[in-house]
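K.L.:
Residue numbers (my numbering), protein chains in the order written: chain A, 1 to 234; chain B, 1 to 592.
A couple of the hints might just be wrong.
[What the hints assert, rightly or not] Derived Cβ-Cβ restraints for the label pairs, each shown as a range:
1. Val404(B) to Leu24(A): 35 to 45 Å
2. Arg179(A) to Phe465(B): 32 to 42 Å
3. Ser253(B) to Cys229(A): 27 to 37 Å
4. Arg179(A) to Leu134(B): 16 to 26 Å
No wet-lab data here; the hints were simulated from the structure.
In this text, all values refer to a predicted model and were calculated from it rather than measured experimentally.
Beta carbons: idealized from backbone N, C-alpha and C, even for Gly.
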Amino acid sequence: MSAVILFLAVLAVIAGWWLSQQRLTAKPWLEEGPVGNFPGGDTMTWPAAKVGLGVFLAVASALFVLFISAYSMRMSVVDWRPLPIPRLLWVNTGVLVLSSVALQWSYVAARRHDAEGAMIGLLAGGASAVIFLAGQLLAWQRLGAAGYLVASNPANSFFYLLTAVHGLHLTGGLVALGRTSAKMWRGTEIANMRLSVELCAIYWHFLLLVWLVLLGLLTGWTDDFVNICRQLLS
Amino acid sequence: MVDIPYEGIPGIPPAEVPDVELYHPRSWWTRYVFSQDAKVIAIQYSLTATAIGLVALVLSWLMRLQLGFPGTFSFIDANQYLQFITMHGMIMVIYLLTALFLGGFGNYLIPLMVGARDMVFPYVNMLSYWVYLLAVLVLASTFFVPGGPTGAGWTLYPPQAILSGTPGQDWGIILMMSSLILFIIGFTMGGLNYVVTVLQARTRGMTLMRLPLTVWGIFTATVMALLAFPALFVASVMLLLDRLLGTSFFMPSLVEMGTLSKYGGGSPLLFQHLFWFFGHPEVYIVALPAFGIVSDLISTHARKNIFGYRMMVWAIVAIGALSFIVWAHHMYVSGMFPQFGYFFATTTLIIAIPTAIKVYNWVLTLWRGDIHLTVPMLFALGFIITFVNGGLTGLFLGNVVVDVPLSDTMFVVAHFHMVMGVAPIMVVLGAIYHWYPKVTGRMLNEALGKFHFWVTFLGAYLIFFPMHYLGLLGVPRRYFELGDATFIPSSAHSLNAFISVVALTVGFSQMVFLFNLAWSLFKGEASGGNPWRATTLEWQTPETPPGHGNWGKELPVVYRWAYDYSVPGAAEDFIPQNQPPRATQLIQGAAS
């Protein structure tokens, strides 16, 4: 559970920093009058949807970190037999990076009021995300054909589980991306689309980050890294 | 690259919202059924939670019948008893209390108290309720599937939860996991709304330190729930895979019904860590909204500002943070590394400090207050007493050496029913008596309310006080019958019968409350907009019950904190939050 404690500590620092901006030491019983008379304590200047996405990403991170905690606790049991990571995963990772880059491109274009560029970026990002998902399914199939079934070893179970949870999050993102593209297709003013495109891009970068962390975990790199850190500390 | 600022999104919401921006119900269906109005969703949440809660209440009667009069009722067998225990616990903790405090009170009170027109994502808010309803239906359906609901206990510990021999192994456990997963998805949708509404949709002048403590409690509890429920989600998904696909996340190799099972190597302890990483914050997810609401009830009905508002806010935040590092105090007897116990006992005892600060502040708020013994106040006082009692036995159980012998006895049952069963329910009932006039425009009948309070309060003590004694005698929990154990004297059996009689009485007295709710809806005395003469914004709405969009044409502007009661020199003994300061009025008067 140390991973999740670490994660909570990071969240606590962020929350503490935010709370420190909110004048929690104010004495509200003495502060009668319009709010302009007292500094701080306003609502955020971000749009609600962006704050909402931020909160959701914190929840999704908690979910993944808890899976990772379970992974690290379970892998210390003797029956753990790491499975070979199919080469295909590296190709998939490249495709997911492309997807993220395309959405960033789309966001930059939307900021420049370039509707066509934004649309191309969205479509490219969506298409490469679909290719990534198809690639993941293919990887599953190859592993299954090679005899690495979901229940034959906990390492396999975790491999399928983690990739599935990540894939489901990406599928959910594709729904939002599809709606954004459809709105854009119908010719909604680009200025009104900027926020939606930005949120899609943020979500994609988040899922790319999660995937890189998961990949590090599944290939065992994280394990080596933690061991090196331990040796340095001891 | 030039950053163009967001159009039309200032830091402070505009006072007037153009009509088109508000969600408008177009038909009876979208007004009352598929509504996106937080107030309607709140009522839907509350009614659903109450309905499934009544099922759990009936289950507790059945358990008490068996415990009080073993062997008398042939229609209850050992398997059913386990199923009753499981469903009673799970429904009460998650589907009733969590849903009622956050989905019910959260939805109704947050937008009104912070001066918003609605939640920030009304559509997601509506989805949240329907997913919750689906979760409840899936849960209820387990009563009708072959094998019945799961009897694994509300903690659902593997390996026994999914092994044959545990009732509900076929369908019950699968549907239970599915229902929990649905509940968490639904809650996350609602939770996003509660958090972002508090962050983003507060009206002008409503700084964080002017929020009523109710909002602070619900807000902090929601943040905790958003971070804690994923642990239950992870545990449920992995247990479901163990059951359905034969993976071994949690299942060790073992012999089942004489044959070696297909499982091997899994860690039951891992499940317990995940479960209690959710389970302990869950206690405070229920308690923090109760703390917040009770602060407002006490201040309003004692006509006195809350004592130590800042300290109350800090204590809420501190409790929320600390509650994430105490979970393993539920696992002292689980076989985890024993030295962990010292750490978790220490953090558990530290949490008593902010909690005690809150209790002292409630008592100091009452000190020399103008106490009106209205029904909400009676329930609030009942809460303080019950919570202190339950909290004190928590200090016992938080210590490893005391917990080990008391674990799995009735003492634990008595402790957690006092602290997270009776105490939060006291607040729920008090809050319903307090806010019912705002929701319906009518008062609840006071005589029936007082009857309801005294039977519930005294009854709860008659039920759970003797149970501590049973626990000290060593009477185990979760047992269908006690048999002829020599260490259990016959007086314990009479005590059990006594508890059962009281429990049935208290259970039936809740019907008086339900009758009161229904009767007052039509025949109750008209309440007016602000019957308790309270300061917070929800009592200042132009219409009662608040109309669509809550505030008419203009949003309220807040000039003061939520607790200006009995201010010296003021014309009345309360000053609403949206009343401008007198000095400003004078200056404006001079200028005109």
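K.L.:
Run every hint past the structure and note whether it holds.
P.N.:
Status of each hint after checking the structure:
1. Val404(B) to Leu24(A): 35 to 45 Å: holds (40 Å)
2. Arg179(A) to Phe465(B): 32 to 42 Å: violated (57 Å)
3. Ser253(B) to Cys229(A): 27 to 37 Å: holds (33 Å)
4. Arg179(A) to Leu134(B): 16 to 26 Å: holds (23 Å)
In this structure, the one hint that does not hold is number 2.
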